[in-house]
Amino acid sequence: MESDSGRPLFIPVVLGTTRQGRMSAHAAKLISRELGRYPGVETELIDIAQLPLPATDAGEAIKYPPFSAAMDRADALVLVVPEYNHGCPGLLKHLLDSCLKEYIHKAVGIAGVSAGPFGGVRVIENLLPVMRELGLVTIFWDVNFSSIQKVFSSDGQLLDDSFIRRIEKFLKELLWMAKALRYGRQQISLQ
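For the sequence shown, the working numbering begins at 733 and goes up steadily by one.
In short, the hints are calculated from the structure, not lab data.
Some hints could be false.
[Claimed, not checked] In silico DSS-like pairs for lysine-lysine, Cα to Cα no more than 30 angstroms straight-line: (1) K825 <-> K904; (2) K761 <-> K911; (3) K825 <-> K795; (4) K761 <-> K882; (5) K795 <-> K882; (6) K833 <-> K882; (7) K761 <-> K795; (8) K833 <-> K901; (9) K911 <-> K901; (10) K901 <-> K825; (11) K882 <-> K901; (12) K761 <-> K904; (13) K911 <-> K882; (14) K911 <-> K825.
[Unchecked claim] The following label-pair restraints were derived from C-beta to C-beta distances: (15) A793 <-> D893: 43 to 53 angstroms; (16) G738 <-> W908: 34 to 44 angstroms; (17) F850 <-> E900: 38 to 48 angstroms; (18) F850 <-> I920: 36 to 46 angstroms; (19) R917 <-> G848: 36 to 46 angstroms; (20) L891 <-> T788: 37 to 47 angstroms; (21) Q918 <-> L832: 13 to 23 angstroms.
Backbone N, C-alpha and C define an ideal beta-carbon position, used for all residues, glycine too.
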């Protein structure tokens with residue numbers, strides 16, 4: 733197996749909603765900015781509202797090559813997902829299902845977002861079996877943005893600095909898992 737341990741970890745942040753006026757965009761930008769502060773890490777904010785997601789087919793038949801390439805290159809990923817009626821946005825699931833082999837043995841951290849008091853915990857619970865089926869390895873820390881309209885101003889300014897510490901804890905776990913799984917993919921055969 734070829735080693736790429738010298739290259740930075742690549743960890744994209746996926747903003748998982750296309751709705752207008754989405755407050756979760758502020759959370760995704762904050763996480764992406766905080767992730768970019770770590771040495772040896774490259775990140776990219778992937779906004780699913782900017783991707784051409786055809787509804788004429790599903791699964792790998794709708795694979796969007798730039799998204800597939802980002803997932804293939806990724807060492808881990810962060811999903812920033814608003815909770816819609818106890819579940820995830822349908823277009824996010826539609827997009828995630830377009831890749832399969834690209835996710836195998838890679839870490840994923842999920843940031844749940846809600847307008848209510850639970851901070852997206854139900855959407856995270858909803859996504860855990862999906863992540864497992866896709867071959868992703870979930871970390872055990874989440875970031876929960878409860879009452880998102882009180883966490884950020886309408887122009888995206890963070891109003892509650894306690895989120896910086898929460899995000900730091902989340903990202904440290906994600907980075908550890910990303911490094912461990914990269915080592916495993918490179919050094920340990922499945923045979």
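**OP:** Hints the structure violates: just list their numbers, smallest first.
**Re:** 5, 6, 13, 16, 17
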